[in-house]
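Asker: Letter by letter, the chains look like this.
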Amino acid sequence: MSVNYTTVGELKVGSYVMIDGEPCRVVDITKAKTGKHGAAKANVVAVSVFGNAKKTLMAPVDQQVEVPIVEKHIGQILANTGDRIQLMDLESYETFDIDMPSEEEFKDKIKPGAEVEYWVIMNRKKIVRVK
Amino acid sequence: MKREDLLIDPIVDLRFKDLEKYGELLSLYEKVYGFSAASLVKAGRIVRSMVKGADLRILSFTANLVSTGLRGLIADLIRRGFFNLIVTTGGTVDHDLARALGGTYYKGYFESDDSMLRELKIHRLGNIFIPYEAYGQKVEEAVRSYIPEIVKVKKEWPVYELLWEFGRRVNDDSSILRACNDLKVPMIVPGVIDGSFGTNLFISSQFNGLRLNLFEDMRLIKDLVFSSNVSGALLVGGGISKHHTIWWSQFRDGLDYAVYVTTAQEFDGSLSGAMPREAISWNKVKPDAKTVTVYGDATIVLPLLASALLD
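As you go down the protein sequences, you meet chains A and B in turn. Going by our numbering, the first sequence opens with residue 1, and the numbers climb by one from there. Going by our numbering, the second sequence opens with residue 1001, and the numbers climb by one from there.
I should point out that these hints are in silico values taken from the structure, not numbers from a laboratory. There could be a bad hint or two in this list.
In silico DSS-like links for lysine-lysine, alpha-carbon gap of 25 Å or less [as the list claims (entries may be wrong)]: (1) B/K1052 / A/K33; (2) A/K126 / A/K12; (3) A/K12 / A/K54; (4) B/K1155 / A/K33; (5) A/K33 / A/K12; (6) B/K1286 / B/K1222; (7) A/K31 / A/K12; (8) A/K125 / A/K107; (9) A/K31 / A/K55; (10) B/K1152 / A/K31; (11) B/K1155 / A/K55; (12) B/K1052 / B/K1286.
Keep in mind the model is a prediction, meaning the values are calculated, not measured.
All chains, please: the whole structure from these sequences, using the hints.
Answerer: Spelled out as structure tokens, the structure:
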């Protein structure tokens, strides 16, 4: 699968990490050096890239974790069917369907002809910006 | 003060055979009789007849004792078959594992400068000093090295079976977990998640899918209680270990033998301080059961009581 590896200690706010099989963006990290539980522990708070669910992970800083690889692409909207958007990649000219982004700010800008930035993470696609 | 000046004299484990050269000590207290001495003598007699007469013999105790030399004595009480079910608190697993894996605890004192101890990375448990590296780190190492092979067998474990797996892997004759595994005596730890062991299991579970099934522990204790003819318990200390023991006993109309060793008082209505006669009203102890409460610190009382079990 399209992942790299790092340790919990290397994660920073804004890093991407897999939690419960979901690609997530880290929004907060708290480190605790507790004698009681051995090595230093980090509590990672992250938000799922798809679905915006909050996920947390507590682990020693030397614990290995998966980092999803984010591929960034530019596409153009061909059609808007309500729930789904038909998009064409502006490099490969491949066309495909993609979910309507849930962010309110995108709603007005989503129309045929608009250029968007979309990401491919773990074989799933998401619109992150409308130009 | 330097760290090495505080960590000098290690805690060693008392063994049952150490009692042999002193013989049965309770006859001394028979002569004294007044006041708590009489309860100790009575407790010795009840424990003796319980070991002979009960097919379900429960030892419940709290984790603090496992930091002391009583750890080896408790392991031997299991090894010698005096008890065939253990009910205890989460910290028992922590201290037993830590010490089985070479964590050394030291003789200290109550009147310590705790802020200094914190600076020196030493925990204080009563008058016992526990270096950080002798405790949490040991438990974490055990979980991180054993769990990956354990989850290969299956993901979901009853706690008592998981504890046997840990007992099987530690090479320490005075380990309680080891004694439980060697004799296949179940250790029931209803509060297993409360402590270093539980926390490390949780951390581990995020990566390997480990699951605890506490209902299987309940099923086991239920089956043991329902299939028993005569049941007895030596309950050392209070809290969840005491309650869980008497809780399940109610389903067979209560314990036939109950010896409480405690420093807790009944006036505040606490479970820990409640006397055996209160448990009668809850069906947790039979009205005609042989019962006694010994008021005293278990670190003094338990070796004396155990001497009643010498041949």
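Asker: Keeping to a limit of 25 Å between CA atoms, is the pair of B/K1052 and A/K33 held or broken?
Answerer: violated (50 Å)
Asker: Straight-line Cα separation of B/K1155 and A/K55 no greater than 25 Å?
Answerer: Satisfied, since the Cα-Cα distance of roughly 22 Å is no more than 25 Å.
Asker: Given the hinted pair A/K31 and A/K12, is their alpha-carbon gap at most 25 Å?
Answerer: With Cα atoms ~11 Å apart, A/K31 and A/K12 stay inside 25 Å; holds.
Asker: When you check the alpha-carbon spacing of A/K12 and A/K54, does it fall within 25 Å?
Answerer: holds (16 Å)
Asker: What's the verdict on A/K125 and A/K107, does the C-alpha distance respect the 25 Å limit or exceed it?
Answerer: holds (18 Å)
Asker: Hinted pair, alpha-carbon criterion (25 Å max): B/K1286, B/K1222. Please report holds or violated.
Answerer: Roughly 18 Å separates the two Cα atoms, so the pair holds.
Asker: Can you confirm whether the C-alpha distance between B/K1155 and A/K33 stays at or below 25 Å?
Answerer: violated (29 Å)
Asker: Does A/K55 sit within 25 Å of A/K31, going by the straight-line distance between their CA atoms?
Answerer: Judged against 25 Å, a Cα distance of about 17 Å means the pair holds.
Asker: Given the hinted pair B/K1152 and A/K31, is their Cα-Cα distance within 25 Å?
Answerer: violated (30 Å)
Asker: Please verify whether A/K126 and A/K12 have alpha carbons no more than 25 Å apart.
Answerer: Holds, at about 22 Å.
Asker: Is the straight-line distance between the alpha-carbon of B/K1052 and that of B/K1286 25 Å or less?
Answerer: holds (18 Å)
Asker: Within 25 Å, alpha carbon to alpha carbon, are A/K33 and A/K12?
Answerer: Holds. A/K33 to A/K12 sits at ~17 Å (cutoff 25 Å).
Checked against the numbered hints given earlier, the structure breaks hints 1, 4, 10 and satisfies all the rest.
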